Amino acid sequence: MSLLPENAVGTEPTAVDVEAGRRSRVLMKGNEAIAEAAIQAGCDAYFGYPITPQCELLEWMARRMPELGRVFVQAESELGAINMALGAAATGARVMVSSSSPGISLMAEGMSYMAGSGTPMVLVNIMRAGPGLGGIGPSQSDYFQATKGHGHGDYRVPVLAPASIAEAMDLMASAFELAERYRTPVMMVADGILGQAMEPVEMRFRTPDRQAFDWALTGAAGRPSRIIKSIDLQQERLERRNLALQHKYREIARHETRWETWQLDDAELAIVAYGTSARVARTAVARARERGIKVGLFRPITLWPFPERELARLSRRVRGMLVVEMSAGQMVEDVRLAVEGRCHVAFHGRMGGLVPTPDEVLGALKALSGKISHERPAPATPKRRASARTSPGPATAGAGARAVEGRGGRA
Amino acid sequence: MTLQPRTVPRNAPDAAVGRLIYRKPDVLLDRATHYCPGCGHGVIHRLLAEVLTEMDLTARTIAVAPVGCAVFAYDYLNVDFVEAPHGRAPAVATGIRRVRPDTFVLTYQGDGDLAAIGTGEIVHAAARGERITAIFVNNGIYGMTGGQMAPTTLIGQKSTSSPTGRDARLMGYPIRITEMLAQLPGVAYAARGTVADASSIGKLKAMIRRACQAQVGDEGFAIVEALSNCPVGWGMTPAESLEHMKGPVVEAFPLGVIVDRAAEARSAAASRTAPGEGAAPAGGNGSHPRSEGPEA
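These protein sequence lines are chains S and R, in that order.
Counting in my numbering, the first sequence runs from 1 upward without gaps.
Counting in my numbering, the second sequence runs from 1 upward without gaps.
No lab work stands behind these hints, which were simulated from the structure alone.
Source: prediction; values computed, not measured.
Heads up, none of these hints are tricks.
If you want the footprint, here are the derived chain R segments under chain S, 3+ residues with CB under 8 Å:
1. 51-61
2. 73-87
3. 116-125
Cβ-to-Cβ under 10 Å is the rule here; a few derived chain R residues that face chain S:
4. A93
5. T94
6. G95
7. R97
8. V105
9. R128
The C-beta atom is built at its ideal place from N, Cα and C for all residues, glycine as well.
With these hints in hand, go ahead and build the complete structure from the sequences.
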């Protein structure tokens with residue numbers, strides 16, 4: 001259902017409409033806002049398959065794309081959708097697909113082919129709880145899948161993790177830019193809360209400039225024919241292709257790593273969290289500071305490339321980190337790799353579609369703080385591998401998917 | 001083997017010398033193929049190249065290569081190519097044709113690719129009536145991976161994964177997927193030909209041409225199944241494999257046009273003006289009487 005003022009969207013907006021849109025704040029559902037942001041970013045074609053909790057994204061596209069004379073196809077499966085995207089993207093079109101966790105598993109094959117053949121595309125995962133069919137509650141349990149490889153082979157894709165609907169809209173334009181600049185699939189991961197919740201957002205959009213692609217398939221009229229492929233049975237040549245990919249990934253890591261910090265200047269402890277977890281953590285940070293605990297928040301915005309250098313730097317000046325996730329503990333592994341034992345790394349997570357509460361996080365913070373204070377004086381370089389871990393069980397009974405407090409993470 | 005006449009004066013006297021008999025289409029690259037001796041893929045590539053050239057389609061063609069022996073089709077056909085994951089060519093082609101309706105989109109798939117792992121994609125591309133032309137090469141075996149049983153392997157046929165022969169009770173029956181697809185209203189044209197002998201090759205070419213016309217004329221989805229041979233996978237000499245095709249293979253996979261909706265519509269219109277002919281069978285497509293050649 002459209003919640004936008006008709007003058008803001010509806011047809012291709014005129015300059016006046018856009019100006020009016022810029023000044024307007026509307027209440028919008030995450031899935032619909034993401035879809036509209038993709039449209040405004042110039043998405044030419046969308047391919048999808050119904051799955052909860054991302055259906056509103058598909059439905060928005062089903063209505064809006066034909067209205068604008070653009071391509072919408074409801075595919076027979078996620079396999080169909082991702083491969084339609086592959087074909088459309090191979091012609092240089094700006095292409096997007098979306099799904100939720102089990103569907104992303106099916107799209108993994110296509111992601112690998114697109115990464116291998118250098119085909120740009122934006123994929124949105126509105127994560128739900130797994131494994132298997134799991135449930136439809138919000139989750140962050142696809143971190144490994146998103147950052148460590150969905151499909152086979154040595155490849156990575158940039159992974160953007162917004163913490164608010166407004167940020168998700170903003171990042172959609174970046175997602176297409178990254179995809180086209182580096183000729184790679186780009187993933188946006190948001191949990192079911194971001195997809196389903198409604199927040200006031202400004203109708204402010206950005207449309208990345210169109211590039212002239214010297215690789216796009218358009219029919220070989222007046223030029224040599226082009227091939228988009230990942231196969232190469234000649235092993236030395238395939239290794240060279242792989243080395244070129246790895247070079248590209250180093251470039252992405254050098255230039256495109258994003259993160260946000262909050263109240264870390266005087267912090268002795270840091271919470272590391274992304275997406276909805278980061279918003280819960282923000283509330284917990286505020287409550288902890290009321291109780292005199294000096295804690296701040298480190299929020300990765302790109303999950304790959306992971307802001308490991310910044311976390312390493314942070315680990316030299318805080319005494320401990322608490323990683324909060326809606327998973328059994330996935331990003332915490334990357335945090336530990338970045339920290340290399342220089343400070344304590346504790347973890348608190350919820351699974352099954354549950355969201356940690358600020359009080360749970362506060363409890364975990366206190367436990368970490370207590371553990372560290374027993375070790376006084378603080379060792380400059382702790383000899384023991386520090387791995388304090390709070391109970392992964394619920395710290396507060398009946399936590400459920402209660403309302404998330406805190407503000408959109410755009411300090 | 002191709003004849004390459006140097007110059008052909010347009011007004012040359014109608015003599016055997018200097019008269020153009022056959023010219024290799026430019027779109028067919030001058031390169032030895034990687035296919036095994038006696039394999040039918042090379043003939044089918046050539047037919048495609050001829051039809052694309054004759055219909056003046058090469059400059060706007062985007063072809064989709066499969067996974068299987070024909071994965072390197074782009075090494076032989078000088079058109080834009082994208083490689084699809086195993087079985088997904090019809091989905092890839094859908095994406096291309098939807099965002100670039102001005103292009104001519106061709107898929108080239110084997111029987112493992114199209115009739116096993118890619119059944120979902122081919123059925124739904126056909127059901128949507130995607131304006132694409134599918135070339136389906138059926139040699140009854142997984143050639144590239146070493147001759148394993150395919151969905152189209154004949155009952156009793158030995159393969160590396162059915163070493164004692166295909167047993168219907170354990171391994172099921174061969175799929176006539178082109179007949180299945182012909183049931184769908186989105187399918188404008190479906191036919192089956194073979195490369196077993198020269199006259200069949202001529203008919204196959206006419207089928208490919210008609211399937212391309214169906215896309216150009218915006219009629220709907222079109223598929224041509226080309227029965228081909230795999231001498232190495234079948235454990236036969238090339239000559240034996242051709243004889244085998246004309247016998248048991250054609251028996252299991254009958255040749256002819258399975259559906260041609262434009263031709264059906266024409267004959268229905270004709271029968272309205274000239275009464276006497278019975279009405280077409282209800283939902284008449286799969287049970288459409290089969291003719292030995294294309295009707296176009």
